[in-house]
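Residues are numbered in our numbering as their position in the sequence shown, beginning at 1, plus a constant of 8.
Mixed in with the good hints there might be a few duds.
To be verified - Only pairs whose alpha carbons sit at most 25 Å apart, straight line, appear in this in silico PhoX-like list of lysine-lysine:
| # | residue 1 | residue 2 |
| --- | --- | --- |
| 1 | Lys108 | Lys139 |
| 2 | Lys24 | Lys139 |
| 3 | Lys24 | Lys108 |
Stated by the list, open to error - Computed beta-carbon distance windows for the label pairs:
| # | residue 1 | residue 2 | range |
| --- | --- | --- | --- |
| 4 | Ala123 | Gly59 | 25 to 33 Å |
| 5 | Ala92 | Gly62 | 28 to 36 Å |
| 6 | Val25 | Ala92 | 16 to 24 Å |
| 7 | Glu36 | Gly129 | 35 to 43 Å |
| 8 | Gly129 | Pro35 | 15 to 23 Å |
These aren't lab readings, by the way, just hints derived from the structure by calculation. Note that this is a predicted model, so its numbers are computed, not measured. Glycine included, each C-beta is placed from N, C-alpha and C at the ideal position.
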Amino acid sequence: MTIQDDIIETVLRQTKVIALVGASSNPERPSYQVMAYLMANGYRVIPVNPGLAGQELMGQLVYHDLNSIPDEVDMIDIFRQSDAVPAIVEEALLRWPTLKVVWTQLGVVHDGAAAMAETRGVTVIQDRCPKIEIARLGL
């Protein structure tokens with residue numbers, strides 16, 4: 009399924025707080041670069057990485073998992089292998105019953121997890137990068 013540009017644009021305009029699963033402290037990693045770009049574009053990004061939990065990344069406290077985040081989020085952005093996506097989506101849906109968006113990065117696709125989220129009314133965008141989409145759409 010190809011997601012329409014108007015849906016991507018709406019998501020990116022309405023989203024304010026993003027939990028970034030698989031955040032990295034390595035500036036060479038795409039997750040680091042995307043986090044920096046999103047923050048520079050006005051989003052609040054909450055990094056999630058069990059190996060970095062308790063540390064700060066770009067001035068933001070890193071959380072062990074989604075359940076550890078005390079705040080509400082609009083979107084989760086997943087930088088993990090496709091086989092990890094179902095557990096992440098389950099955790100997110102339990103943590104935030106009103107979650108609006110599940111976004112998976114380039115090369116990350118899990119149709120079963122997408123269907124699970126969509127049945128709960130969550131918008132799912134797979135195999136895309138918000139950094140690329142913001143630039144492409146001129147947002």
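Against the structure, the hints:
no. : hint                         : result
1   : Lys108 <-> Lys139            : holds (19 Å)
2   : Lys24 <-> Lys139             : holds (14 Å)
3   : Lys24 <-> Lys108             : holds (11 Å)
4   : Ala123 <-> Gly59: 25 to 33 Å : holds (30 Å)
5   : Ala92 <-> Gly62: 28 to 36 Å  : violated (21 Å)
6   : Val25 <-> Ala92: 16 to 24 Å  : holds (22 Å)
7   : Glu36 <-> Gly129: 35 to 43 Å : holds (37 Å)
8   : Gly129 <-> Pro35: 15 to 23 Å : violated (36 Å)
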